[in-house]
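Participant: Chain by chain, the residues run as shown.
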Amino acid sequence: MNLLATVLPWAAGAFVVALLLAGWRLLRGPMLADRILALDTLYVNSVALLVLIGIYFDTAVFFEVALIIAMMGFVSTVALAKYLLRGDIIE
Amino acid sequence: MRDLPLALDIVLSLLVVLGATFALVGAWGLVKFRDFLKRLHGPTKASTVGVGAVLLASIGYFAAAGRASLHELLITLFVFMTAPVAAHLLVKAAAHVDPRLRPPHGPNESESTSDDR
Numbered sequence: 112m113n114l115l116a117t118v119l120p121w122a123a124g125a126f127v128v129a130l131l132l133a134g135w136r137l138l139r140g141p142m143l144a145d146r147i148l149a150l151d152t153l154y155v156n157s158v159a160l161l162v163l164i165g166i167y168f169d170t171a172v173f174f175e176v177a178l179i180i181a182m183m184g185f186v187s188t189v190a191l192a193k194y195l196l197r198g199d200i201i202e
Numbered sequence: 014m015r016d017l018p019l020a021l022d023i024v025l026s027l028l029v030v031l032g033a034t035f036a037l038v039g040a041w042g043l044v045k046f047r048d049f050l051k052r053l054h055g056p057t058k059a060s061t062v063g064v065g066a067v068l069l070a071s072i073g074y075f076a077a078a079g080r081a082s083l084h085e086l087l088i089t090l091f092v093f094m095t096a097p098v099a100a101h102l103l104v105k106a107a108a109h110v111d112p113r114l115r116p117p118h119g120p121n122e123s124e125s126t127s128d129d130r
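Top line first, the protein sequences correspond to chains A and B.
Be aware that the first sequence starts at 112, since it is given in my numbering, and climbs by one per residue.
Be aware that the second sequence starts at 14, since it is given in my numbering, and climbs by one per residue.
Only chain A is shown next, with the shape it has when bound in the complex:
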């Protein structure tokens, strides 16, 4: 009996629900900053979801994907916030 194998699909489902909630805020968000925050939450949760999938399929190939998503997500969040702050990204 492997407890982790039964828990993992439920945890992945919870992360998918979290992604959907963040997507709802991305579509609805009254302010632009809300949408950027929703994108931020989306990428952080997708990193965790990829790591869970990596555990489930017992493979390490998803770590590079998760790392690249984390890096790109941070850079894009900073760029979008900078755009709101300055009206320009590269001055």
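Hints are computed from structural coordinates only; laboratory data are not their basis.
Be a bit skeptical, because a hint or two may be false.
Unchecked claim - Dumping the calculated EDC-like pairs for lysine to aspartate or glutamate here, alpha-carbon to alpha-carbon at most 16 Å:
1) B/Lys51 with A/Asp145
2) A/Lys193 with A/Asp145
3) B/Lys105 with A/Asp169
4) B/Lys45 with A/Asp145
5) B/Lys51 with B/Asp111
Since the structure is predicted, the reported quantities are computational estimates derived from the model, not experimental observations.
For chain A, the structure is supplied; the task is to place chain B on it using the hints.
Facilitator: For chain B alone, coordinates are given in the frame of chain A:
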């Protein structure tokens, strides 16, 4: 999936459940709250703990499988370093767009967008 010792299995399952719960609560807070600053409160704390717990579980699993790597540690460090920076920038951007979000006794309008603090 491979078979794990029972104690490690339970610990890793608890970590995964904790991470998923935190992420779910954080996203629910993102949807539920009325105000941007309140909405920022949920995901910035909850998602980082959620990701941290899941990455800890991953470190434990792959260490038990004999294939411990530095990748998870890299992701954890990166997420923990960048999430507060991103949240801070978001607050600054939101306060720049909407004056009502600025602190009542904070810097006045002409200085509130400068980067000197």
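Participant: So, for every hint listed, does it hold in this structure?
Facilitator: Here's how the hints hold up against the structure:
no.	hint	result
1	B/Lys51 with A/Asp145	holds, 11 Å
2	A/Lys193 with A/Asp145	holds, 14 Å
3	B/Lys105 with A/Asp169	violated, 41 Å
4	B/Lys45 with A/Asp145	holds, 12 Å
5	B/Lys51 with B/Asp111	holds, 15 Å
Of the numbered hints given earlier, the model fails hint 3 alone.
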